[in-house]
Structures are given as C-alpha cells and as structure tokens.
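Novice: Per this note's numbering, the very first residue in the sequence shown carries number 1; after that it's consecutive.
Keep in mind that the hints were calculated from the coordinates and are not lab data.
A couple of the hints might just be wrong.
Estimated spans, in silico, between C-beta atoms of each pair [said to hold, decoys possible]:
#1 321 - 151: 55 to 65 angstroms
#2 316 - 341: 23 to 33 angstroms
#3 167 - 250: 30 to 40 angstroms
Yeah, the Cβ is synthetic: ideal placement off N, Cα and C, and Gly gets one too.
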Amino acid sequence: MEIFRHRAVFVSLLVTIAVSGCALPAAGPRGSDIDLAATASLTPQSDESKKFVLLDVAARTQSGLAEPEAVSLSTSFGSTATRARPARLTFSRGDTVQATIFESQSGGLFVGDAGTRPGNFVQVPQQVVDAAGSIKIPYAGDIRVLGRTAESVQAEIEDKLASKAIQPQVFVSVVTQRGSEMSVLGEVNSASKIPLNPNGERVLDVISRAGGIKYPGYESYVTLQREGHAVRVPFDRLVRAPPENVFVQPGDVVYVSRDPRSYTVLGATGTQSRVPFPAERLVLSEAIGAGGGLVDTRANPEFVYLYRAEPRGFLERLGVDLTYFDASATFIPTIYRAKLHEPAALFAARDFEIRDKDVIYVADSDTVEVVKFFQLVSAITGPASQGASSAYSIYRVK
C-alpha cells in the first residue's frame, strides 16, 4: 500500500507544478501572448514596450488602401521612363551609317549630265562611326555624329555642301545599330542583344522580341539595369500596372529570373511547411486551405496570425501610431490577426492578399494545454501504475 501513497504524492506534485505556471510543450507562442506583446494595435490591448505591430485583418481589408509596392521602375528611373514618346535614338560608335545626297538637277557636284545615269542622287558608301564618333562625306569632310540625331547631321552636311552642290538635300540612316542596342537575358526563350526601334520600345516589347518568358508570370521577376542602377519587380506587375512597363534605352539590360513565391505555415495546421503559390494571386483563406487547414483537435480559430514586414508609410496611412519605433526604420514588423471564429471573418480573409515570404501561424487552443498535461501525467505515471499493480498482485499471492 506504500506504493499507492507514493503514486498519489507524485501526481499531486505534477499538478502543483502545472498550476504554478510550468510551461508544457507547444508548437509556438499562444494567442494571448501575441496579443499582449504588441507595440501598437488597432485592438483594445497594446504594450508599447515591444517591437511589432498587431492589426486585425479586417482593419486592413476595410481600409481601401492598395497593396504597397516596395520598388517601382517608373519611380526609380524618373518621369522620362514613362512618357508617351522616348527621346530619339542618336548615333553611336560602331553604328553602320548610310548617307544619300540629292541634287535638284543634273550638272551639279554629284549628279552629272542627264544622260549619264538615272536619278538625281548619289549614295555615299556605308561607313562605321569611328572611335572619334565621326563619318566622312565627300566635299564636306569629317562630320561628327556621335550622340546626335539624324536630322541634325543632315542639316550640317547640307550646310557644308550648299555652295558646292545644286540645292543639296541629304538623308542619313542607320544600317546596323551597335550603340543603340540593349540586352535581354535570363529565363527568356531567345536571349539576345536587340537593336531598338526609333519609335521607342517598352520592357514587355523587348521581352516579346526575345521570345517571351519561359515560366509562368507569377514565378518570374524582371530586373532592369541602367547606368549602374538595377531595379527588380515581379513580371505580373508590368502587366497589371501599365506605368511600370517603362521605355527601355540603349545600353539597358533586361534580366528575367525565376523565383517561385512561397509562404510558410506553422502551428496547429494540417501541415507545417513552405507552400508555393499556386497562382498569381493568393488570399489568406486559400493559403490556409492549401496549408492543410486548421486541425480541429488543436487549433484555436480565434488566433490565426500572419507575420510580415510592412512599409512604414503604409502603416501610417492605416492610422497606426509608430512613435515607439526607430524613426529610420523603413519596414516595421507587423502581425495580422484573423479571428476566424467570427461568422464574418472569412470575408476579410477572402480579401486579404498573401505576399511572398509571409508566415502564417495558428495558435493552439487553450484546451490543448490540458490534454498535453494529462498525456504527460499518463506517460510518467503509467509505468508506476503498472508497477503498483504488479506489486499488489505479488502481495496478494503472499
């Protein structure tokens, strides 16, 4: 009987330890812990001593604010990148140039008697713009063309030939572009250097000329490199937001890369893993479903959280007080809470868009702590119970 008394004392000790606050194993922080630790909040509770913001999903979806864009081609490369018509192409070193000179009648400098040859023009042999940026025109000498438009070069040649030819008119064109090329590289079907159209071409135009992208748009990113500056944006943004589809310039490099977007699901869900985006747009309700949904025996639907870093300006427009954060911090750690136990909560979850690298965490229900405690007690006292039963049987035999 002494064994039973020891067992009762041991169980009492376990209960005392549990009641006194000894933490049992858990998949992550409890919902109440997160609520109490928020720096700023649109919910009643807040603690300004911590370093993240807590927002309700509904407060975000009902704000009417558009999704913030971290980077932008149109903003990064200035207003000239999006204007209706780009600057005219100019001559560059290595370009092959063709000059044609017209005279108003025969008997002039370039056009002989009417019967000697048809037409009233002469074509100067094609030339490559030399290292000095010049070409040679008979009787006009060296003509500097580097960085100039065809119209200005034509006017200079006509002016130099005015006293020698009969009402000369000159037409200068580019046969082969070298300095007016740009490159399209990466995950396209035909990477190459592309001579630009004088009428102007945008990023999607040159990607199309390179055979298009190899992978779905929602898995692809486009990097535009220009004069030592590079900006990377999702491919689908170029399609959704026309101002982002900026004009390219000579010397630009457009690089297409594949980077499948994903998010992470943790806590009381059917799976705890990194989940790839199945489509271009993904909302919170779909993301939870794709992650296995909430586990009935563990999850607390009142405490579903999404972790991400939000731009400071975006949170300020939402009305969040960021006084207690470093003023130089561009991005603020933010946790969104979805109270899925409320009947209308799924409407907000249906409108809340998931971003690349978001983390979704579902907290355990409070009852799970009790279940874990009794499982722990059972695991510890099970062998003792079996031993006591065996000892009692032996005692009876004696």
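Novice: Confirm or reject each hint.
Specialist: Hints versus structure:
no.: 1; hint: 321 - 151: 55 to 65 angstroms; verdict: 59 angstroms, holds
no.: 2; hint: 316 - 341: 23 to 33 angstroms; verdict: 30 angstroms, holds
no.: 3; hint: 167 - 250: 30 to 40 angstroms; verdict: 34 angstroms, holds
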